[in-house]
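Colleague: Given chain A, put chain B with the ligands in place with the hints provided.
So the sequences go chain by chain: A and B.
Here the first sequence is numbered in the numbering used here, starting from 1 and rising by one per residue.
Here the second sequence is numbered in the numbering used here, starting from 249 and rising by one per residue.
In case anyone wonders, no lab produced these hints; they're calculated from the structure.
Values in this document were obtained by computation on a predicted structure and should not be read as measured data.
A virtual CB, placed ideally from N, CA and C, is assigned to each residue, including glycine.
Mixed in with the good hints, there may be bad ones.
[Said to hold, decoys possible] Stretch by stretch, here's where chain A covers chain B in the computed footprint (C-beta under 8 angstroms, at least three residues): (1) 271-283; (2) 299-305; (3) 340-351; (4) 355-362; (5) 589-601; (6) 634-640.
If you want the building blocks of each chain, they are given just below.
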Amino acid sequence: MTTQTEQVSPQNSSPAERLLFGGLGVGLILLSLRQGGQSGILLGTGGALLISGAALGRSVGSAVTRVQRTEDDNIIVQRAVTIGKPVDEIYTFWRNFENLPHFMSHLESVRVQDGDGRRSHWVAKAPLGTSVEWDAEITEDEPGRRIAWRSLEGATVPNEGHVDFRPAPGNRGTELHVSITYRPPGGTLGAVVARILGEEPGEQVGDDLRRLKRRLEVGQEPTTEGQPSGRKGAMKAEAKMYDNRRTT
Amino acid sequence: MKAVVWNGINRVSVERVPDPELLQPTDAIVRVTATAICGSDLHLLDGYVPSMVHGDILGHEFMGEVVEVGPEVRRVKVGDRVVVPFPIACGKCWYCEHGLTSLCDNSNPNPKLAEALWGYSPAGLYGYSHITGGYAGGQAQFARTVYADENLYKVPEGLTDEQVLFLTDIFPTGYMAAENCNIHPGDVVAVFGCGPVGQFAIRSAFLLGAERVIAIDRFPERLDLARQAGAETLNYETDPVFERLKEMTGGRGPDSVMDAVGLEAHAGGPGGLADAVKQTTRVLESDRPHAFRAAIMACRKGGTVSVPGVYGGLADKIPLGAFVNKGLTMKTGQTHVHRYLDRLTGHIQRGEIDPSVIITHRLSIDEAPHGYQIFKHKHEGCIKCVLDPWADPEDHEPVGTK
Ligand SMILES: [Zn+2]
Ligand SMILES: [Zn+2]
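Next up, chain A with everything else stripped away, as it sits in the complex (with noise of 0.2 angstroms):
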């Protein structure tokens, strides 16, 4: 990836856009007042959100979903976290897509296609239990550094990426830097309706990396699943708004 197209211009809602959400930011707080309790208090800063956000003209739709875009138009998604392990061992880890989709919970499965791992073909779950596939090809390798590779021709949403290791300071393990970008269907509206499918890519590439921190730190990932509760009926959905958010 070229480094201009890493600029990030902010965005301006139409008016539209400002009064739809503006309109449903009014009836999440409404609807707060009649509910009353925990889950109002959640609708009621939900609707807020909204209306702050309608109220600033700052595109809502990015500022809900936190989409930045390029200044040619691609979303593109950058994240950080350190983890502590040694540079080496991480990107070693890295440089072998095969284990990609095993923090990255969006990816079905990645098949080293070429001896040295330069080419793979990658396979992506998409919403509605559909999925999505494309080639890639390493166009950077330098070890305990960077990693960068690119969607071949043909992709259905094309992408590219890069990933920086950097030493810690302080002995804290080591940094990494992703850069994802891509152009999902649908511009900004895709994304918002992504985003309601869960599949919201910035979130989901920070989800991602908390996984792998966790992997490598710690061995697992920390899980209430299937301890007890004296829950009933509807309350099991509530719980499960707050638990573990996972698209697995």
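Modeller: Chain B with the ligands only, in chain A's frame:
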């Protein structure tokens, strides 16, 4: 098994729920022999901590006997008698390795809510809402504990449950609050709030070398207990606290001041929402932030304000001008329980402190709802309730045995 379950604001009940199971290879199941009701449980009871869900099992102060361990548990054995620190440490992250276990990077399975509210997620906590992981608590007959090797602390022979139970939270919490005061010989320490944490803060301040401790509360039984520990006391209902503190310290003010009261935690959110959220959370009806404000005002110039009290969201009208112009230091935090366990167990073994003195009520688990009520309203002289999950409610003495 029986468990104490949160069923909405001011509604706790004792219910039959499924026994816990090992969910991960590093888990252990503890048969709970003693558990306590904590002041921070009251924030849950009162509905000030967001993301509680009906049916959540409460309790983060518990101990017992290990009855089952996962295949990857090495250090902890079936039959071990253990206390369970309330913050969950993974033992492997930078924070855990540096003794900051309540800030563990990896033990909260649900960190996104915490990040939205606080920027970063602290450790997972038992029995303490879904922001900190939604782990089922220990006010139950059995509890699943996680990362057993890193967390379960084996109790030395010869100490009773009541002597060691408070190592799970309030003793280290009071101790860390005192440690955060940076006490030097000759120092005078003021403690706002003489509840369980305040009691341990007072005793810990003396252990750490405070010359004098001045304790502030309004309940006579709490002030009595503070005096028994050697503190001078002020009743804020009848004494003008600021003036009295000044006078008692030769006009200097206390060298450090602890807020062991805590604000009723309230639902946070971006600043612009503060007013709306406050209304829905009834925070404006709470007078508890006064203790924090008063601590800042009362502290001497260049002194330290230590905050062991629980704060959850946003607070306003903090006297920042006083804070800055007096050059104060503030230290806070959920307790890094693990780092204090050996040290505090030593104090107990040498008889330098008897944590059980704060217990006023011993109840069966079936009486937990009653326990919550008397603790919340300070009825029956209640300072601290301990629950026995296995006692027969029939032959259990429900009245305080202090
Ligand atoms: Zn507690
Ligand atoms: Zn940790």
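Colleague: Does each hint hold? Answer for all of them.
Modeller: Hint by hint, here is what the structure shows:
Only residues whose C-beta sits within less than 8 angstroms of a C-beta in chain A count toward coverage, and the region 271-283 of chain B has 4 of them, enough to reach three; the restraint holds. For the region 299-305 of chain B, the assignment as covered by chain A holds, since 7 residues bring a beta-carbon within under 8 angstroms of that chain's beta-carbons and 3 suffice. Coverage of the region 340-351 of chain B by chain A holds. Counting CB-CB distances below 8 angstroms, 4 residues qualify, and the rule asks for three or more. Coverage of the region 355-362 of chain B by chain A holds. Counting CB-CB distances below 8 angstroms, 7 residues qualify, and the rule asks for three or more.
Coverage of a stretch by a chain is defined here by at least three residues with a beta carbon nearer than 8 angstroms to that chain's beta carbons; for the region 589-601 of chain B and chain A the count is 0, and the condition is violated. Residues of the region 634-640 of chain B with a Cβ under 8 angstroms from some Cβ of chain A number 0, which does not satisfy the need for three, so the listed coverage is violated.
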